[in-house]
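If you want the building blocks of each chain, they are given just below.
2 protein chains.
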Amino acid sequence: MNKIITVSRQFGSGGRTIGKLTAERLGIPCYDHEFIEEVAKSCGFAKEYIEAHGEYSDSGNLLGRIFKSANRFDNLSNQDKIWIEQRKIILKIAEEPCVIVGRCADYILRDRDDVLNVFIHADDKFRAERIVSLYGEKPDKPEKRLRDKDRRRAAYYKDYTETEWGVASNYHLALDSGKLGIDSCVNILVGVYNNK
Amino acid sequence: MNKIITVSRQFGSGGRTIGKLTAERLGIPCYDHEFIEEVAKSCGFAKEYIEAHGEYSDSGNLLGRIFKSANRFDNLSNQDKIWIEQRKIILKIAEEPCVIVGRCADYILRDRDDVLNVFIHADDKFRAERIVSLYGEKPDKPEKRLRDKDRRRAAYYKDYTETEWGVASNYHLALDSGKLGIDSCVNILVGVYNNK
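Same order as they appear, the protein sequences are chains Y and V.
According to the working numbering, the first sequence holds residues 13 to 208 in order.
According to the working numbering, the second sequence holds residues 13 to 208 in order.
Rather than coming from a laboratory, the hints here were simulated on the basis of the structure.
Mixed in with the good hints, there may be bad ones.
Identical copies look the same in the list; a pair holds intra-copy or inter-copy alike.
[Unchecked claim] Under the rule of at most 27 Å between Cα atoms (straight-line distance), these lysine-lysine pairs were calculated in the DSSO-like manner: (1) 156 x 170; (2) 93 x 156; (3) 137 x 15; (4) 153 x 137; (5) 15 x 104.
Here chain Y stands alone, though its shape is the one from the complex (with noise of 0.2 Å):
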């Protein structure tokens, strides 16, 4: 029996999209931006701030480097303190039907036999006119704008899970939103989620 669908994506792929689909077919939430509200309410930082450190890692520069050793305390950067928030939030909400889009939340939930974890997946070029259609990110080489998101994501996730971001055998179900369409996805979904 399932419970729980996490969502983790590549960004620009629609992955949140077919979230926020599969939930209302199946009449269950989808969280997502709901995090970060009750992470700001329980652990004072600001909104934009944790929007930016909620999932993406800085670890990956220098300057990253600097922040994540500069805003220590309690021995925990500000990033181990949005992640262990996070967490905390998720296992609350995961007592009860839901979807789950990012944040680990695959990992985090990882040793329950009632979560399906998802990872959507889509070309360059489908992402890439999404991003500059949907988000309103500039047309300008967008391909550099998906890299560094998704590359991003990539080391946070590696930062608290030690496994690889995208690779097929840490899902139940990866699958190209591009090549299949969205709608397609999110039928595949409410069917698995409904048949176990």
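Take the given structure of chain Y and dock chain V to it, following the hints.
The following block gives chain V in isolation, referenced to the frame of chain Y:
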């Protein structure tokens, strides 16, 4: 419009069975062991030799490297020779709708947009039980056998494609047959093949 399904798979995951059942449901042929007969006819190697070297690399160990360098004629290793014959056969059979299991068919057909690339995987427990009960593998340490076969399949894939085996973004669908079940995987593939 999809015409071809390629199935890459972890050893013992049931990928071959999923390929066969999907092809049956779609009323199209499935090619797997059939390659070996064809390659044997056209390049003269024994069937057992082709089975051992047609999708498993030996380059990961010393004996393998000696084999690779010692068995050259026409500046090609025997493994290269088998690759070339397999590639020709894949290009020919892919003129008509079919399912192709293994042998880097996803890479060989990468420039076509009527090909659905699938990766099937499962956890060690599911695969170990499967290789012991279905393939008659020795029941002691089946996990070591799984790791060895997968490592050699991954190395073969890397040898000829220069990309990584098992990375989600290389496939349109990657499915965990242990979590989802063989029948559910077949249903998903039949649905996706017929839908576009």
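message = As a check of your reading, is residue 153 near residue 137 (CA-CA no more than 27 Å) within one copy, between copies, both or neither?
response = Answer is within; shortest intra-copy Cα gap is 11 Å, inter-copy 45 Å.
message = My question is about residue 15 and residue 104: at a cut-off of 27 Å on alpha-carbon distance, are they close within one copy, between copies, both, or neither?
response = within (13 Å within a copy, 45 Å between copies)
key: Status of residue 170 relative to residue 156 across identical chains (alpha carbons, at most 27 Å)   = both (21 Å within a copy, 26 Å between copies)
ask   = Can you tell me if residue 93 and residue 156 fall within 27 Å by alpha carbon in one copy, between copies, both or neither?
value = Intra 29 Å, inter 39 Å, cutoff 27 Å: neither.
message = With identical chains, the pair residue 137 and residue 15 could be close in the same copy or across copies; at 27 Å between alpha carbons, which is it: within, between, both, or neither?
response = between (34 Å within a copy, 23 Å between copies)
In this structure, only the earlier hint numbered 2 is contradicted, and the remaining ones agree with it.
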